[in-house]
Amino acid sequence: MAKLPKPEELAKVDFKPPKTGWMDTPANLKPGTFCWGAKAKNLQVVDFPNARDWNPTEDDWKLPKEWEGTVLEAMADRLSKYRSFKLFLDICVRCGACADKCHFFIGTGDPKNMPVLRTELLRSVYKKYFTNSGKVLGKLGGARELTYDVLKEWWYYFYQCTECRRCSVFCPYGIDTAEITLMAREFMNLLGLNTDWISGPVSNCYTKGNHLGLEPHTITSSVEFFLDDIETITGIKVEPTFNRKGAEILFVTPSGDLFADPGTYTAMGYLMLFHELGLDYTWSTYASEGGNFGFFTSNEMAKRLHYKIYAEAKRLGVKYIIGGECGHMWRLIHQYLDTWHGPADFLEVPRSPVTGTVFENACSTKMVHVTEFTADLIKNGKLTLDPSRNDHLKLTYHDSCNTARGMGLLEEPRYVIRNVCNHFYEMPENTIREKTFCCGSGTGLNASENMELRMQGGLPRANAVKHVHEKYGVNMLANICAIDRATLKASMDYWVPAVGVTGVHELVGNAMVMTGEKERTQDLRLEPLPGEEGNE
Amino acid sequence: MHIAVPFFTVIFLVLIAYAGIEAAHLHVLFGIVIPYAAFTVFVLGFILRVRNWGRSPVPFRIPTTCGQQKSLPWIKASTVENPSSTFGVIVRMALEILFFRSLFRNLKTEMHEDRVVYGSAKWLWLAGLAFHWSFLIIVIRHFRFFLGDIPFVLEMVEGLDAFLQIGAPLLYTTDIIILGAVTYLFLRRVAIPQLKYISLAADYFPLFLIFGIALSGVLMRYFFKVHVVGVKTLTMGWLSLSPVIPENVGVIFYIHLFLISVLLAYFPFSKLMHVGGVFLSPTRNLINNNRMKRHVNPWDYPVHVHTYEEYEEEFRDKMKSVGLPVEKE
Ligand code: SF4
Ligand code: SF4
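These protein sequence lines are chains Y and R, in that order. Numbering-wise, my numbering puts 202 at position 202 of the first sequence, and it's gapless, one number per residue. Numbering-wise, my numbering puts 61 at position 61 of the second sequence, and it's gapless, one number per residue.
These are computed hints drawn from the structure, not numbers from a lab. Keep in mind that this is a model prediction, so the values were computed, not measured. Fair warning: there could be bad hints in the mix.
Stated by the list, open to error - Using 25 Å as the maximum straight-line C-alpha spacing, the simulated DSS-like pairs for lysine-lysine come out as follows: (1) Lys108/R with Lys471/Y; (2) Lys237/Y with Lys122/R; (3) Lys320/R with Lys16/Y; (4) Lys196/R with Lys139/Y; (5) Lys196/R with Lys135/Y; (6) Lys108/R with Lys382/Y; (7) Lys328/R with Lys245/Y; (8) Lys12/Y with Lys108/R; (9) Lys19/Y with Lys196/R; (10) Lys379/Y with Lys76/R; (11) Lys314/Y with Lys320/R; (12) Lys314/Y with Lys293/R; (13) Lys76/R with Lys435/Y; (14) Lys318/R with Lys245/Y; (15) Lys328/R with Lys319/Y; (16) Lys314/Y with Lys328/R; (17) Lys16/Y with Lys196/R; (18) Lys16/Y with Lys108/R.
Please construct the entire structure, taking both the sequences and the accompanying hints into account.
See below:
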């Protein structure tokens, strides 16, 4: 594995474009900035084409015969299916407003990471084969042929876009480079050019229900661990159910939170909250993943993976679904799920059994975001909260790209945070809400072999955290995304080591006074609560 | 290459018109045939292009949300930046189209030592707005050549545009603004290294062409003072479909007209189609009511899935071993 440079070195970003024009500058696959190729076995599980073991550093990528034809055919097909794709290829004026809005450009200085040029990598091929001007004018018209080098360039740079849509906020026509990346990745998947870090989870998720490949008994035993910890902390025995028919609510969340710190603390937060409310709900070991790495391969695969959510809700006969903290999971639930697998007419419009609030905003999808649910509880005074238990924390909040720009879930988590913590500071205005920066590792880029790229892409976000860390002493970064919990932790360790990472419901779990709990001396991380440090 | 070729193309176009009139006396070609042809290409091309976009469906509802969603009643929703109603979308689109809302957000991101800093960057917005609005006003002013009686509104627009009250004929501010804005848009393209890196011939050509059109217009109005009555005879003649070539209209008019013809004919095949495209942009013109109202994908098709039955089949023993309920014992 490539050695990760020191932060001081990585922060020296060179913004000078190369001397040679971009069409004459082939991609240089720099170790530390790309992921390993997909393994044959993982592609076979989901019947993806050209399943074989391959290595991106070798010259021969073992492409299928006539791969150019495959790509161009697929391009014609998607052009006829997606207005976004066709329109965005046609109307960009190269004004450059999007250029310095991409975290990968800011972190690498590589002009091909400017959203406009990233798209141009594909647009140039589109022009060559699908427009008259490109056919006639060729290179002068910005058109070029689809060659092996171009394909490698696509592979490199379309796996350096996290589909965060920040560029689309600033573009005067709303051009969303994520839409282009989605298509580019679809084409590359037809040639078997996926990454190991994406195809592994996809294959797991397909057969086992979750990205990590946790089997049913492993899921229950992971949760057992949390229950033991909760009992140690609160003295309360929480008894969740799994795959229970007739429950009122199905709870779906990303599997990452069952597996690694600090996501596990968020999972404990959910368990405690739902227990305290006496919620009639169930987890599912089959629908044990809210996230969807399929979306990072093709629309079809994403649809295949998200099938299980409604299917399980129907089988269990629940009334509606609550979804946990996750970014891309929520973009898909909000903007895709109903279209893929709806109408969910076997479910009811979500209604909080505790407050009676009807979630009209989810009347068709029948899925409520857990921070919407909790914000409503707090607003109605249904939780007893002691925010001073989080007094050792000075918080800031990271908006996930997907919940911010694909949904607009901005205030709900903030409302919850303000009620469970006393010290909350926003990062600079240009780095939050709809202008939030990606963690740097979304869309399946959260592998370890591409750590240098991840740290580069994570730089703008980390820099904003560093700002509030220095100004207000912020020591904890809250978020509502399982991927963030893993990736921001790495990014903080690298860029701003004094700052930790937490989910919002971990904070809730800490602050919530539970009925019959013993006097708490530890937080969910089993660390002493403020004021209890000496009593160890 | 990307700058020189379009630059000389525009020069060449000017020379063609000059030679065509002065040397070859092709007044009918340049005054009647080419304008008609260009106008036809423009109208048909524009319609076909938009229809072509319209043919591709919008399979998913994918607005880019730039504000708080509508969720709980006590949380203030951002009705325009994150519209949950048709009205919201209309306002959002109007702000986008009339005032370039998104461009107004523009920031300049820079690294100072190891810090990312964000500076205000409204010049592009201002120049873009100045360019498009003056272009529009200039087009409206030209209606004078296509209307028998000049309506009051038009006179008002002209009056406002000439508010400086300098020179004879009165100087139009939009003439100055458009030349300034185009110059700025060109200079920024060559001065900012990243922008220069991405710019194509197709980005410079329209700038040079429009500059040529504006400049020839200015020369015609303020310096060569072409025979306006003659010009109007021609333009009204186009409308009546029986145009006649007037006497004594200087060559500068034909250059102006030829460049406009080229612009019209070029328009539908170029990035200038963003004018029509912006209305169709799915990240802007859709309502963010995704969880309230189902969006239908017209080409949706069934996919292979892994069912619960298959899942239980594989894991039944493991499930039973930890007491999980199963469908089949
Ligand atoms: S902001 Fe939009 S129009 Fe401008 S360069 Fe970027 S994608 Fe193209
Ligand atoms: S979607 Fe995000 S990562 Fe991709 S080009 Fe745009 S800003 Fe960059």
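Evaluated hints:
no. : hint                   : in the structure
1   : Lys108/R with Lys471/Y : 23 Å, holds
2   : Lys237/Y with Lys122/R : 58 Å, violated
3   : Lys320/R with Lys16/Y  : 62 Å, violated
4   : Lys196/R with Lys139/Y : 16 Å, holds
5   : Lys196/R with Lys135/Y : 24 Å, holds
6   : Lys108/R with Lys382/Y : 45 Å, violated
7   : Lys328/R with Lys245/Y : 14 Å, holds
8   : Lys12/Y with Lys108/R  : 18 Å, holds
9   : Lys19/Y with Lys196/R  : 12 Å, holds
10  : Lys379/Y with Lys76/R  : 14 Å, holds
11  : Lys314/Y with Lys320/R : 22 Å, holds
12  : Lys314/Y with Lys293/R : 20 Å, holds
13  : Lys76/R with Lys435/Y  : 19 Å, holds
14  : Lys318/R with Lys245/Y : 19 Å, holds
15  : Lys328/R with Lys319/Y : 24 Å, holds
16  : Lys314/Y with Lys328/R : 17 Å, holds
17  : Lys16/Y with Lys196/R  : 12 Å, holds
18  : Lys16/Y with Lys108/R  : 16 Å, holds
Hint check: violations occur at hints 2, 3, 6; the rest are consistent with the structure.
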